[in-house]
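Visitor: Full structure from sequences and hints, please.
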Amino acid sequence: MSQFNAMTLVHKLKEQLNTQYVNVEDESDGCGAKFSATIVSEQFVGKSLLEKHRLVNKALAEELKEIHAFSQKTYTPEEWEKVKPQEEPEE
Amino acid sequence: MPVVTVGNAEEYQKFINADKTTVALFEADWAEQCAQVKDVLGDLSKIIGDKLQFINLNAENFPEISMKHQIEAVPTVIFFTKGSAVDRVDGVDIAAISSKSKKLAESASSAAATGQTLEDRLKALINTAPLMIFMKGDRNAPRCGFSKQLIAIVNDTKLPYETFDILGDEEVRQGLKTYSDWPTYPQVYVKGELIGGLDIVKELLANKELEAALKA
Chain A
41 MSQFNAMTLV HKLKEQLNTQ YVNVEDESDG CGAKFSATIV SEQFVGKSLL EKHRLVNKAL
101 AEELKEIHAF SQKTYTPEEW EKVKPQEEPE E
Chain B
19 MPVVTVGNAE EYQKFINADK TTVALFEADW AEQCAQVKDV LGDLSKIIGD KLQFINLNAE
79 NFPEISMKHQ IEAVPTVIFF TKGSAVDRVD GVDIAAISSK SKKLAESASS AAATGQTLED
139 RLKALINTAP LMIFMKGDRN APRCGFSKQL IAIVNDTKLP YETFDILGDE EVRQGLKTYS
199 DWPTYPQVYV KGELIGGLDI VKELLANKEL EAALKA
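These protein sequence lines map, in sequence, to chains A and B. In terms of our numbering, the first sequence opens at residue 41 and continues consecutively. In terms of our numbering, the second sequence opens at residue 19 and continues consecutively.
Hints are all accurate, no fakes.
List time: in silico EDC-like cross-link candidates among lysine to aspartate or glutamate, alpha-carbon distance up to 20 Å:
1) B:K166 to A:E67
2) B:K195 to A:E103
3) A:K98 to A:E82
4) B:K220 to A:E67
5) B:K69 to B:D105
These aren't lab readings, by the way, just hints derived from the structure by calculation. Everything numeric in this text was worked out from a predicted model, so none of it was measured.
Guide: Set out below in structure tokens:
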């Protein structure tokens with residue numbers, strides 16, 4: 041019964057975190073309750089893992105109240121360059 | 019306040035969700051022992067009725083509620099705090115019913131007296147053990163996929179840890195989200211510091227930093 045889909049989350053993340061790259065997979069077969077996100081942003085530079093996740097959680101504060109399961113991977117552009125090739129597909 | 023006989027589910031919900039702890043007797047007309055327990059609740063309500071509220075309901079008239087709490091025999095007494103069952107006594111065990119009621123009444127008054135806030139409680143909880151996990155269910159029966167994965171990873175480190183089941187305590191469940199500014203469960207704490215959720219633990223594991231982080 042969630043009103044969110046992957047597109048709305050991508051849009052929100054782009055807007056809030058000025059992302060260089062963002063990808064959100066809906067893993068719930070469209071019911072909008074389970075998402076997995078990959079987020080690359082300059083704003084993560086110099087931040088700890090916890091702080092990066094906090095930034096994302098804050099950007100999606102409203103959405104996360106409704107979404108049952110959300111997992112995220114956060115990268116600075118520099119980190120992203122290193123992991124990009126083997127990033128696809130996981131799990 | 020005397021023992022209130024609950025007539026409908028709505029009334030029941032209102033009682034058990036109240037701030038005041040509720041002592042609920044699940045009974046049946048045909049079971050004589052129930053009357054005995056009811057008398058005891060009546061006596062208790064005279065002594066500690068200002069701190070606890072006492073209700074009784076006919077278990078057979080509320081099959082869904084009885085099923086939910088796995089009432090297998092009458093009388094059964096369940097203690098509710100803000101909607102969550104915090105303790106129970108199955109059968110006629112007057113001593114247990116009395117002592118548990120008194121204990122809950124005491125903690126209610128000490129919380130009021132010392133002004134122990136939710137924040138104090140959360141602080142104490144996250145410091146229960148050096149490695150503390152707030153999760154859905156417990157280590158033997160995780161009740162969500164993320165909690166389950168997390169426990170599997172932490173078990174592999176062989177480090178000792180404690181868990182807290184947030185499904186059993188709505189106050190903590192909501193309060194800790196705000197307190198730690200972290201919207202999801204599971205949550206992992208090392209010496210009272212939030213490490214993060216499953217994603218972070220997985221990433222630490224992948225970077226071979228997990229053990230160090232959990233021992234910190």
